[in-house]
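So the protein lines, in turn, are chains A and B.
With the working numbering applied, the first sequence corresponds to residues 219 to 593, in that order.
With the working numbering applied, the second sequence corresponds to residues 244 to 336, in that order.
Simulated from the structure, these hints should not be mistaken for lab results.
Hints are supplied without guarantee of correctness; some may be wrong.
[Unchecked claim] Computed far set for chain A versus chain B, every beta-carbon distance over 10 angstroms:
#, residue
1, 273
2, 280
3, 371
4, 432
5, 555
6, 565
7, 586
[Unchecked claim] Chain A stretches covered by chain B per the calculated footprint, using a threshold of three residues with CB under 8 angstroms from any CB of chain B:
#, stretch
8, 344-354
9, 478-489
If you're wondering where the values come from, they're calculated on a predicted model, not measured in any experiment.
Glycine residues also receive a C-beta, built at the ideal position from the N, C-alpha and C atoms.
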Amino acid sequence: MKQAFIPAAAQLEFRDPTRVAALRQRLQALTADLDESITVMHVCGSHEQAIARFGLRSLFPPNLHVIMGPGCPVCVTDMPEVDEAVYLAQQGVTVVTFGDMFRVPGTVKSLAEAKAEGADVRIIYSPWEVVQIAHKQEGEVVFFATGFETTAVATAALVLAGPPKNLSILSSHKYIPPIMEIVAEMPHTEIQGFLAAGHAATITGWKIFERFVARHGIPVVIAGFEPLDILSALVQLVEIIRRGEQRVANAYPRCVEPEGNRNAQRALWKVFEPFSGVWRGIAYVPNGNLRLRPQYAWVDARERFDIRVSELLAGASPRLTQECICGNIMAGIATPRDCNLYGKECTPETPVGACMVSSEGTCKIWYEYGGHVVS
Amino acid sequence: MCLGVPGKVIEVNDIVATVDFWGVRRPVMLNIVDAPVEAGDYVLVHVGFAIRKIPPEDVEETLAFYDSLLRGDAEDLMSNDVRTEMQSSGEDT
Ligand code: SF4
Numbered sequence: 219m220k221q222a223f224i225p226a227a228a229q230l231e232f233r234d235p236t237r238v239a240a241l242r243q244r245l246q247a248l249t250a251d252l253d254e255s256i257t258v259m260h261v262c263g264s265h266e267q268a269i270a271r272f273g274l275r276s277l278f279p280p281n282l283h284v285i286m287g288p289g290c291p292v293c294v295t296d297m298p299e300v301d302e303a304v305y306l307a308q309q310g311v312t313v314v315t316f317g318d319m320f321r322v323p324g325t326v327k328s329l330a331e332a333k334a335e336g337a338d339v340r341i342i343y344s345p346w347e348v349v350q351i352a353h354k355q356e357g358e359v360v361f362f363a364t365g366f367e368t369t370a371v372a373t374a375a376l377v378l379a380g381p382p383k384n385l386s387i388l389s390s391h392k393y394i395p396p397i398m399e400i401v402a403e404m405p406h407t408e409i410q411g412f413l414a415a416g417h418a419a420t421i422t423g424w425k426i427f428e429r430f431v432a433r434h435g436i437p438v439v440i441a442g443f444e445p446l447d448i449l450s451a452l453v454q455l456v457e458i459i460r461r462g463e464q465r466v467a468n469a470y471p472r473c474v475e476p477e478g479n480r481n482a483q484r485a486l487w488k489v490f491e492p493f494s495g496v497w498r499g500i501a502y503v504p505n506g507n508l509r510l511r512p513q514y515a516w517v518d519a520r521e522r523f524d525i526r527v528s529e530l531l532a533g534a535s536p537r538l539t540q541e542c543i544c545g546n547i548m549a550g551i552a553t554p555r556d557c558n559l560y561g562k563e564c565t566p567e568t569p570v571g572a573c574m575v576s577s578e579g580t581c582k583i584w585y586e587y588g589g590h591v592v593s
Numbered sequence: 244m245c246l247g248v249p250g251k252v253i254e255v256n257d258i259v260a261t262v263d264f265w266g267v268r269r270p271v272m273l274n275i276v277d278a279p280v281e282a283g284d285y286v287l288v289h290v291g292f293a294i295r296k297i298p299p300e301d302v303e304e305t306l307a308f309y310d311s312l313l314r315g316d317a318e319d320l321m322s323n324d325v326r327t328e329m330q331s332s333g334e335d336t
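One chain only, chain B, in its complex shape:
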């Protein structure tokens, strides 16, 4: 759970953003992240809250690592933790 998961902000509605994680869209809370977030930004999400805006120059490298993790089989602990984080935003929007 230390890991968090990166996603792309699709739309911002006050303190809730719709964030796309590998095609899955979830609401993410923005009341903790300390930089203004807008559509197109990437954020690192932990238990349904954005904890950091990922600087544009780091996005590609960050995603590549998670890509490799998600390719792990269904029983892989790290892939599972990432998938759990992806579900961490409650109900679908």
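Extracted from the complex, chain A is given alone in its bound form:
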């Protein structure tokens, strides 16, 4: 078991306590006379990490709820997508993926379990290493590519650079703006504002969220990852909500520009196109997935191989995974404490769901930073 709960105060390492206190007071003043509480959602694992690590929730006024949305790319990778990678690994193909993906359960097993049974599964930190691996061997190498647009850009660069012949891509990349539309419209959510992830917006720019705001009337503020960045973004967001404005604000100007990194966007959209698919446990998301465009079919693992997932599933018995409520947590309608397995059957050592595997998953973040002590 992890060490006991560390009081939030001990976690605080603010460089500017005076400004923190001022922002906290401002938040309190802005929420003091509200008739109803305000709920805002962020969509980034690193935001949840920072909020938990620095104990920020203890600084928020009680009627300001900051909930985590679908901000963990590994967690939203659907089980059948994991099954595809497992199937290929079992056919003798070298499957390469990010460390966070390795232990994520598929319908029948995870890649880690496939490896334990003799499959060749390797972990990399950068898509670039996949090329190095493919150069070193004759056999087929498949990059099981997960991550949001920020990571998909790197995969796109790899494809544009002309990968070796024995390398193909199994894309499970996801695209954030469409899922925000889905979550905003879900019947059980009442989200009055979104915090968007600063570094993803480095690539996309902040103007991309204007369409979302126009359609749903929910304001978006771009936030950085330092405690001060998050607090000041929240102050801006609550001010905007109070005034009833529907707009995007950039609370992270030192990193994010209106149009973003156009070079990266060009690479991304040259290689990928959006298509619709399921985000694990949450919903069918129109245009929420990224797949290779037809002109890159030659590097698409789904074109190169006949992936018969049904063979893998035949006779599979139900796993504990079915009790996992990760999807509800990422949709903002549950917290890890609502899960019966949290901290019992499901811990980082014995994860049942993806949210307990990934360092960006809410269950793991809460568990590691002391949220597992039921208060």
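With chain A fixed as given, assemble chain B with the ligand onto it according to the hints.
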């Protein structure tokens, strides 16, 4: 993984830069970053690719935040994610 990690460019060789992260040197790909990068610049790196050149006036503040994160113990999730990003450039040069 949203976080990325800042590093100092030591040398540029076509589309690959050697970047110093707290004393650890790694190759970083430059085919995504949208500003010219040269030795002495700081870049924000995600999965082995520079995604942004950090403006000189923001370098100090950015590094200070990561300094504080890296002081976290070995089990700290955020420190770990940053350390993972630091390894994200494949083999040593
Ligand atoms: S605690 Fe485990 S089983 Fe429960 S929702 Fe989180 S990941 Fe799923």
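Could you tell me which of the hints above the structure violates, numbers in ascending order? Numbers 3 and 7 - these are the hints that the structure violates, sorted from lowest upward.
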